[in-house]
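Enquirer: One letter stands for each residue in the lines below.
2 protein chains.
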Amino acid sequence: MGLDNPNQHCKFEVPEIIFGRGLLNQVGSCARRLGGKKVFLVSDEGLFKAGWVDRVMKSLQGAGLTVVLYDQVTSNPKDHEIDAGFREYVAQGADVIVGLGGGSAMDAAKGIAILGSNGGQIQDYRGVDQIHRPLPPLVLCPTTCGTGSDVSQFAVINDTSERCKVTIMSRCVAPDISLTDPDTLETLPDEYLGSSAVDALSHAIEAYFSIAASTLTDVNAAQSLTLLAKSFENAVKERRPEDLEDLSRASLHAGMAFSHALLGISHALAQPIGGLYDANHGHVNAALLPEVLRYDFPVVERKLSAFATALGHNTLGNEKYVQEMALETIDHLLDAGNAPRSLRHLGVREEDLPDLARRALDDVCLLTSPRQTDQEDLLGILKRSY
Amino acid sequence: MGLDNPNQHCKFEVPEIIFGRGLLNQVGSCARRLGGKKVFLVSDEGLFKAGWVDRVMKSLQGAGLTVVLYDQVTSNPKDHEIDAGFREYVAQGADVIVGLGGGSAMDAAKGIAILGSNGGQIQDYRGVDQIHRPLPPLVLCPTTCGTGSDVSQFAVINDTSERCKVTIMSRCVAPDISLTDPDTLETLPDEYLGSSAVDALSHAIEAYFSIAASTLTDVNAAQSLTLLAKSFENAVKERRPEDLEDLSRASLHAGMAFSHALLGISHALAQPIGGLYDANHGHVNAALLPEVLRYDFPVVERKLSAFATALGHNTLGNEKYVQEMALETIDHLLDAGNAPRSLRHLGVREEDLPDLARRALDDVCLLTSPRQTDQEDLLGILKRSY
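Residue numbers (this note's numbering), protein chains in the order written: chain L, 1 to 386; chain W, 1 to 386.
Excised from the complex, chain L in its bound form (with noise of 0.2 Å):
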């Protein structure tokens, strides 16, 4: 239930998700089940090279659909990206899209879906609820293990002009199907398993801890915590196939929390910091999540039992102890995902932090924090964090 309002009404709307491992041979049947014939498929290099965007393409085509691969998609999509895609699809006669990838490919190919029958420019539906006209039929296939926009209704695009990130969230950005194949995990570099993994803790904890959460967000959020304190470390150390599930399950679940329950500072911040620097989204998170926490701790108390429960301690009889318990799992975790643990590391300016702290006072994700906040105190964060 919500910290302050535990009556409160909530909405819950995912897609149909498929998962399992081996299941990347279905996304032909999926897109021709969605209608479509010729398939606008999204993806980038790595997966190209790792022979996945092949996969795909076998299976689409094994399915009688025709496809054409848009592979230029870089970390951090920009509104460029979108534009060129977006003609492409046009200019293809394409009726359908599959994203497949890590939250760029994905929402890139969100970005592409919304002016495919929208129209314009991917600015103008910065904002909530901006998007008037269905999207195209849509399949997202995730490879990391950590954005969740599979299941969520985000997209984030980079505004290179702005260099800002633009955050567009309605109900028609979700996909029609999630299909998740943890097997993909297995040719994702280090860095990124680990990176995205910290992304998807960053979902699960600001979920949780979210004003507009509720059983049915607290569930999956805790469910993630669990799999992710039970095997981030060895899935990184080892990269055995059914840690590697796990990691896949636990974005999974943090994606249907977050989607629903939004997020908080961690987010509010980086995403100022995404705009400005291009660093990589999950070490900004692993970089502020600590103290984040020690900020939201204080107003979280009636949770907290629980948050540690779902990250795998015994709290009865330790009730004094569970914030040290949390966090020392959290700094665990961010550990193992080898994550930068400052924002300096990460090439963020020391001068532009008060500029970061009054950008992230405009975003969306303050407004579920579950502790309000001013631009001091967010100032404070960074400092802390730097």
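A couple of the hints might just be wrong.
A pair holds if it fits inside one copy or across any two, identical chains being indistinguishable in the list.
[Unchecked claim] Each computed DSBU-like pair below joins lysine-lysine, with the alpha-carbon atoms no more than 30 Å apart:
hint: 1; residue 1: Lys37; residue 2: Lys230
hint: 2; residue 1: Lys303; residue 2: Lys230
hint: 3; residue 1: Lys11; residue 2: Lys37
hint: 4; residue 1: Lys11; residue 2: Lys38
hint: 5; residue 1: Lys38; residue 2: Lys303
hint: 6; residue 1: Lys230; residue 2: Lys320
hint: 7; residue 1: Lys58; residue 2: Lys303
By construction, these hints were calculated from the structure, which means they are not laboratory data.
Note that the structure is a prediction, hence the values are computed from the model and not measured.
Dock chain W against chain L, hints included.
Expert: Chain W only, in chain L's frame:
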């Protein structure tokens, strides 16, 4: 994760869920959003007398929609009621269906919707995936706390000539929108409050131990158990709104779990009993559950500790006693629901037991039972529950 195939594939698909006290007033905007102009409202006399039908009609009319009321639905809805409803739906030229009530009204609404776009007899759609045309827009509003029909892929109709229950399972059968207003429980008679919460308990338990369970269903089953353990007794005794809301949530979570994990022996046995005697479905499960659990426990050991924890027990250091702990709590909850605790008291005739065991053998619920069973063992469970 499932008991026998922890790395299995899983699917998860739920309707749009809207949940909160007072939200029945939003049914009009929901029906309009789905594109309807003339609403076929399926409900029953009890809800009419309690004033909820009037509330829903006002909301629908306030949204500019015309409403046709069909309230000739009885418990364990009958094939001829579906047929009569379907004829009325066609005669009136309605284009959206709203089901308001317990499982009976909602399953009747589903049945009318199936015939509405597919024609024929309801028996034609028995079994898995026998529906080939999408249903008319459908909004379901549960007013009891057990059925889960508002989120599930099932409809159960009584075949009055064969005196058996017809189970229809198809992704088409889930509604577009599930809208729960827990305030509706305030007028639910004690008997139905208890028996429907017992039904939710049986859904949560059987889904939790199903071999098709995954983390996606387990989190919901466990949350349902936790809410029932916390609030069931008080809700029945004191009827405080916050406890009633917990029961509504428990039913919703259990529905999300069993719609995907399916059920087990208790429901396999409950189906022929319901078909033969028109007995209260929750009460039938209450009579069967303890013996089914004793039968299943030896093969579900891996999940027993988490099961007892979900029911509110501290299992640390008490691993040897988790079965006893869990059974005691379940006994307590069944008592709280004032459920008759034996088949004898539900009108079941002792001489029918062998036939009931034989009929249960064909039930789809046995496919996901954690323990493989046979007619002899089923008869044993029936005798011990008599």
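Enquirer: State the violated hints by number, sorted upward, taking the hints as numbered earlier in the document.
Expert: 1, 5 and 7
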